[in-house]
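Asks: What follows is the residue order along each chain.
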Amino acid sequence: MTVVTLGSGKSGTGHAATDRAARVGACLVRATNGETAALSEIVRELNPLLWRVARGEGLTAEESADVVQTTWLELLRRLHEIRSPQALTSWLVTTTRREAWRVRELSRRQAPDGAAQLESAPDPDPGPSERLLADERDQVLWRHVQRLPERCRKLLHVVAHVARPDYAVVAEALGMPVGSIGPTRGRCLAKLREMLQADPGWSGL
Amino acid sequence: MTNSADLPLDDDDQAVLDWLAEVYALLDPPPADLDERVLFAIALDGVDAEVARLSEQLTVGSGARGSERTSTITFDADSRAVMITVTDRADGLVRIDGWLAPAAALRVELRLPEPAQPRIVIANAAGRFTFDGVSRGLAQLLVHPAADDAGVRVVTPAFSL
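Top to bottom, those sequences are chains A and B. Residues in the first sequence are numbered from 25 upward in steps of one, following my numbering. Residues in the second sequence are numbered from 3 upward in steps of one, following my numbering.
Do not rely on the hints blindly, as some may be mistaken.
[Stated by the list, open to error] Partial list, computed: chain A residues near chain B (C-beta under 7 Å):
1. Glu65
2. Arg68
3. Asp90
4. Gln93
5. Thr94
6. Leu100
7. Ser114
8. Trp115
9. Gln163
10. Leu165
11. Leu180
12. Ala184
13. Leu213
[Said to hold, decoys possible] So, partial list: chain B residues that the calculated Cβ filter (under 10 Å) puts toward chain A:
14. Val18
15. Asp30
16. Leu114
17. Ala149
18. Asp150
19. Val157
Rather than coming from a laboratory, the hints here were simulated on the basis of the structure. Glycine included, each C-beta is placed from N, C-alpha and C at the ideal position.
For reference, chain A alone in the conformation it holds in the complex:
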């Protein structure tokens, strides 16, 4: 297998999964006892993922931000039911998705017919083109990501924001078969690295 060496991005995880679990677990206990500020570290860590889950359901940026906020507020009342860091991630992703559906249904009902159809079109790759990317290497990467099958793009869109120990719970919360996410992710990434390798414009750094 060809190895593509990458110049950007952080390599490795840095933190052992168990450290993270212990840290998140301690925050959970403090938050359950009323010290909601203890959640701030988890909020910063999981917000990008949750926001993208909402975007992936076809909401606008602002709607997604509202949904993420509602989800964290809902969490306050449920904290005592959540026993583990992984259960927390799973609960947050599931709730974000459900809240996003609710908002989508609401705007569909409120909008006139034509607009409703536009609004409700699924938007798995929200966001615009590579012209927004100043860095040439980023442009090359993005160009190849867009050539991947939709299934791959959808998966990578979310999985890119998931901390390693949470892959399985996030897959489950998103309704992706847990048994297939690993191989699918592996195939998608292998394909992407292959395409990068074959691109003459790719410096291989």
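Here the structure of chain A is known, so what remains is to put chain B in place on it, guided by the hints.
Replies: Same frame as chain A, now just chain B:
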């Protein structure tokens, strides 16, 4: 239980994913103040609250050249709806006129980011309440249950004035 999703990625896979996350953040960034909004909204004392979801937001007027700008925001909770109209004042502050449905003379709290103290008013029997001279920025409303009511308070998400 092990499954394939738990199998370790190699470092190059992880590097591609991390890099991809950066590219997504460049192409389609979350609102810059998303963390700030969430952290403000959940910094409540205690965890008991019924969430009132934002269900409608409407802004009329630009606020430019003396045209008055007003925003109407509706929040829906299972037990009660909270509607507010936010009006710009000439001095840069805003006035909030709100009402509760179903109507009730309840304690309404306007939470503001620290160091500002929360402001508290009592809605009238028709459920109407007013906060005047409020600074712009993030805010959140809490509707407290009557003293003889076992219900929980209703909280809105943070919103921008």
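Asks: Take the shortest C-beta to C-beta distance between Glu65(A) and chain B; is it under 7 Å?
Replies: 10 Å, violated
Asks: Do the numbers back the hint for Arg68(A), that is, is its least Cβ distance to chain B under 7 Å?
Replies: 5 Å, holds
Asks: Take the shortest C-beta to C-beta distance between Thr94(A) and chain B; is it under 7 Å?
Replies: Where the cut-off is 7 Å and the nearest Cβ of chain B is about 6 Å from Thr94(A), the hint holds.
Asks: With chain A as the partner, please determine if Asp30(B) meets the hint condition of a C-beta pair closer than 10 Å.
Replies: 3 Å, holds
Asks: Can you verify the interface hint for Val157(B): is its Cβ closer than 10 Å to any Cβ in chain A?
Replies: For Val157(B), the interface hint holds, since the closest Cβ of chain A sits about 6 Å away, which is under 10 Å.
Asks: Does Leu114(B) pass the interface hint, meaning its C-beta sits closer than 10 Å to a C-beta of chain A?
Replies: Result: violated, 17 Å to nearest chain A Cβ.
Asks: Min Cβ distance, Leu180(A) to chain B: is it shorter than 7 Å?
Replies: Hint on Leu180(A): holds, closest Cβ of chain B at ~6 Å, below 7 Å.
Asks: Against chain B, with CB atoms and a cut of 7 Å, does the hint on Gln163(A) hold up?
Replies: Result: violated, 9 Å to nearest chain B Cβ.
Asks: Hey, does the Leu165(A) contact hint survive, CB to chain B under 7 Å?
Replies: This interface hint holds because 6 Å falls under the 7 Å limit.
Asks: Let me know if the C-beta of Asp90(A) comes in closer than 7 Å to any C-beta of chain B, holds or violated.
Replies: 5 Å, holds
Asks: Classify the hint on Trp115(A) as holds or violated, based on whether any CB of chain B lies nearer than 7 Å to its CB.
Replies: 14 Å, violated
Asks: Please check whether Leu213(A) passes as an interface residue: C-beta within 7 Å of a C-beta belonging to chain B.
Replies: Since the shortest Cβ distance to chain B is 5 Å, the answer is holds.
The earlier numbered hints that this structure contradicts are 1, 7, 8, 9, 16, 17 and 18.
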